[in-house]
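Novice: So you can see what is in the structure, the chains are spelled out below.
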Amino acid sequence: MTDQHITTPETSRMTRLPALRRYVNLLGPMIMVIVLCIIMAFAEPRFFNVPNLMIILHDAAIFMVLGTAMTLVITARGIDLSIGAVAALSAIVMAMLIKDYGVNVYLAMAASVVVGLLCGFVNSVIITRLHVPDLLATLAMDQIYRGIALVLAAGAVLARFPEPIPFIGRGRVLGGIPVSAVVGLVALAVGVVLYRSTHIGRYAAAIGGNREAALLSGINVRRHKTLQYVIMGGAAAIAGILLTGRLNAVQATVGQGLALHTIAAVVVGGTVLFGGRGTMLGTLVGVLLLSMVTNALVILRFQFFWQLVASGIVIIASIGFYSYMNRSGDDDGKDET
Amino acid sequence: MCKIGVEMEGEKQPLLAMRGITKSFGGLRAVTDVDLTLHEGQILAIVGDNGAGKSTLIKILTGVYQPDAGEIFICGAKVEMSSRRDSIRVGVNAVYQNLGLVDALPAPANVFLGNEPVRRILGIPFLDNRRMREETERILIENTGVKLEDATVPTLNLSGGQRQAVAIARAVLVADLKVLVMDEPTAALGPEETRNTLALIRAVRDRGIAVIVISHNLEHVFAVADRVMVMRGGRKIGEVDTATSSGTEVLGMIVGSAVGAGAHATTPSTLGAQQ
Ligand SMILES: Nc1ncnc2c1ncn2[C@@H]1O[C@H](COP(=O)(O)OP(=O)(O)OP(=O)(O)O)[C@@H](O)[C@H]1O
Ligand SMILES: [Mg+2]
Chain S
1 MTDQHITTPE TSRMTRLPAL RRYVNLLGPM IMVIVLCIIM AFAEPRFFNV PNLMIILHDA
61 AIFMVLGTAM TLVITARGID LSIGAVAALS AIVMAMLIKD YGVNVYLAMA ASVVVGLLCG
121 FVNSVIITRL HVPDLLATLA MDQIYRGIAL VLAAGAVLAR FPEPIPFIGR GRVLGGIPVS
181 AVVGLVALAV GVVLYRSTHI GRYAAAIGGN REAALLSGIN VRRHKTLQYV IMGGAAAIAG
241 ILLTGRLNAV QATVGQGLAL HTIAAVVVGG TVLFGGRGTM LGTLVGVLLL SMVTNALVIL
301 RFQFFWQLVA SGIVIIASIG FYSYMNRSGD DDGKDET
Chain L
1 MCKIGVEMEG EKQPLLAMRG ITKSFGGLRA VTDVDLTLHE GQILAIVGDN GAGKSTLIKI
61 LTGVYQPDAG EIFICGAKVE MSSRRDSIRV GVNAVYQNLG LVDALPAPAN VFLGNEPVRR
121 ILGIPFLDNR RMREETERIL IENTGVKLED ATVPTLNLSG GQRQAVAIAR AVLVADLKVL
181 VMDEPTAALG PEETRNTLAL IRAVRDRGIA VIVISHNLEH VFAVADRVMV MRGGRKIGEV
241 DTATSSGTEV LGMIVGSAVG AGAHATTPST LGAQQ
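First to last, the sequence lines map onto chains S and L. Here our numbering is used: the first residue of the first sequence is 1, the next is one more, and so on. Here our numbering is used: the first residue of the second sequence is 1, the next is one more, and so on.
Hints were generated in silico from the structure; no laboratory data involved. Be careful, since some hints might not be right.
What the hints assert, rightly or not - Facing chain L, a subset of chain S residues (Cβ under 7 angstroms, in silico):
id : residue
1  : P45
2  : H131
3  : P133
4  : S197
5  : A205
6  : A206
7  : R211
8  : S217
9  : I219
10 : V221
11 : G276
Stated by the list, open to error - From the derived model, a few chain S residues whose C-beta atoms are all more than 10 angstroms from chain L:
id : residue
12 : F121
13 : R160
14 : A310
Just so it is clear, the structure is predicted and the values come from calculations on it, not from any experiment. Every residue gets a Cβ at the ideal spot worked out from N, C-alpha and C, and that includes glycine.
Modelling step: build the complete structure from the supplied sequences, incorporating the hints.
Specialist: In structure tokens form, the structure reads like this:
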């Protein structure tokens with residue numbers, strides 16, 4: 001017969017340790033958090049002082065907001081490199097409306113979110129209609145949004161905004177909890193619900209996991225890609241407001257490096273860059289880990305470039321760990337995840 | 001199964017009839033003038049060498065491709081299908097070779113993908129994950145006899161047979177399913193999983209659903225099918241009854257050697273006489 005090519009790779013796909021496997025992605029970053037804490041316990045116990053922990057939360061807040069949306073985008077096998085420029089552009093628009101046009105601060109904030117949503121929409125149109133790959137489309141749009149922000153601001157630094165912008169960016173509530181961190185955690189909580197219990201999250205996983213299957217199931221892939229990028233744009237605008245409030249000032253060059261840091265945090269948290277599998281909880285861990293590392297190095301008075309090196313090491317270590325765990329767990333030799 | 005019980009001279013209306021189906025890709029004739037008839041509760045196997053046109057034929061049946069010529073009748077009524085949705089609407093669904101599952105999602109999410117039940121809270125539709133889990137467990141048990149230990153693991157971590165069951169559960173969820181098509185359901189399965197999958201196919205048949213199975217494995221074909229249709233070079237070479245035929249005969253037809261060479265016969269009796 002012509003059909004002796006049949007092997008049995010699938011039979012070994014038994015349900016081994018399902019509960020553990022689900023959290024295996026989190027194991028790497030968790031171990032690093034613990035190692036970092038042990039090191040800091042010896043090197044600089046002040047790391048654990050509540051005010052310092054609040055600084056870490058404050059630092060992490062922006063990336064919680066961005067990471068939530070980025071988790072969705074990456075789960076659907078997308079990526080958004082333009083979020084730094086979107087944050088800058090939407091913040092500049094808000095700042096100019098307030099400063100140059102005397103627009104009500106709440107209206108201006110709403111306008112900045114609308115700008116963010118629009119930028120996300122434009123990204124999605126380029127990706128889904130012009131079929132430009134996500135990476136290249138958002139890379140190009142990053143330049144364009146940045147350019148527009150630079151032209152609009154014309155080199156100016158806009159500063160001293162009315163409340164609630166500074167309050168959101170650097171205010172504290174309940175005896176020291178940063179307002180920005182509350183915003184970040186709320187975003188994550190919304191993200192968890194979005195991810196687990198709505199079509200938006202479910203279809204992001206389906207599109208990223210098996211686009212063909214998603215299409216055959218009648219899922220409107222284009223509409224959901226659009227939704228994801230629009231949400232990402234909105235999140236970038238909120239990040240822009242947080243950034244503006246943090247220094248109570250903004251210029252067109254803010255937010256450079258936001259995209260890469262966010263993507264790093266999401267991936268460190270165990271969301272798979274090739275789509276299909278994401279975790280909001282992991283993103284929280286990833287965001288916190290990167291902020292803790294940066295903070296530790298600052299406290300230990302390492303120079304800035306060491307912070308970059310450390311971030312890079314954390315990223316490689318967690319992805320390496322993740323790949324290792326999956327390879328040893330999957331004996332079917334598949335390498336797609 | 002066919003609601004309008006048009007009985008022609010005592011003969012039962014076929015559930016599915018394909019007449020003169022022809023399809024080319026550029027200059028390549030993938031399928032040429034193929035007829036196919038399928039009755040309620042029957043399992044028809046389609047066999048043929050690589051490139052014989054099997055997948056193309058069933059993709060036409062499931063609305064993925066449109067034929068250049070030929071007609072398709074469901075319960076005697078002519079149907080036009082321009083998409084998968086159309087085929088599902090007329091009661092034809094397929095489990096493709098790769099099963100069309102999202103590996104990272106658990107079984108219930110896969111079974112209901114694109115068709116999720118929702119619960120509205122403040123007008124916002126939230127996925128009813130609990131109902132999906134319960135329904136999936138029920139559908140799996142009822143249609144396939146498969147019980148999942150843990151309905152929350154990604155389907156990637158299920159066994160091949162369980163994955164097959166999930167794909168079938170998903171396919172039979174279609175309202176008023178009449179024909180289920182399965183492309184290579186036993187490829188890449190071990191002996192145990194194969195046995196289970198063949199049992200799944202019979203279980204679906206027992207619900208009165210007609211099943212079309214594409215397979216390269218004649219042993220499996222003879223174990224499960226009532227009839228075997230042989231294709232070669234895009235044409236239907238013949239059709240035999242598994243009860244009155246043998247693997248050797250069918251193999252001969254597939255490769256076009258002595259036994260099947262001149263046979264453009266379509267009835268088992270003629271073929272039987274040739275042997
Ligand atoms: N979309 C397509 N475009 C061009 N040619 C195609 C397309 N689909 C199928 N063909 C060609 O049509 C012929 C029949 O292919 P088909 O996939 O139907 O064969 P098959 O019987 O399913 O083979 P296998 O057993 O290998 O799956 C082949 O020559 C194939 O290359
Ligand atoms: Mg095929």
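Novice: Hint by hint, note whether the structure agrees.
Specialist: Cross-check of the supplied hints:
1. A cut of 7 angstroms between beta carbons decides the hint on P45(S): the least distance to chain L is about 41 angstroms, and the hint is violated.
2. Checking H131(S) against chain L: minimum C-beta separation of about 21 angstroms lies over 7 angstroms; hint violated.
3. The closest approach between the C-beta of P133(S) and any C-beta of chain L is roughly 21 angstroms, which is over the 7 angstroms cut-off, so the hint fails.
4. Residue-level restraint check for S197(S) holds (minimum Cβ-Cβ distance to chain L is 5 angstroms; threshold 7 angstroms).
5. With its C-beta approaching chain L no nearer than about 6 angstroms, A205(S) sits inside the 7 angstroms limit, and its interface hint holds.
6. The restraint placing A206(S) at the interface with chain L holds, with a minimum CB-CB distance near 5 angstroms, inside the 7 angstroms limit.
7. Taking 7 angstroms as the C-beta cut-off, the interface hint given for R211(S) is violated, the closest approach to chain L being about 9 angstroms.
8. Checking S217(S) against chain L by beta carbon gives a least distance of about 3 angstroms; that is within 7 angstroms, so the hint holds.
9. Look at I219(S): its Cβ gets to within about 5 angstroms of chain L, closer than 7 angstroms, so that hint holds up.
10. With a cut of 7 angstroms, the hint placing V221(S) at the interface with chain L is violated, because the nearest CB-to-CB distance is about 11 angstroms.
11. With a least beta-carbon distance of about 4 angstroms to chain L, the hint placing G276(S) at the interface is held under the 7 angstroms criterion.
12. Once the 10 angstroms rule is applied to beta carbons, F121(S) is consistent with being away from chain L; the minimum gap is 21 angstroms.
13. Distance check on R160(S): its Cβ is at least 39 angstroms (rounded) from any Cβ of chain L, clearing the 10 angstroms threshold; non-interface status holds.
14. With a least CB separation of 31 angstroms from chain L, A310(S) remains clear of the 10 angstroms interface cut-off, as annotated.
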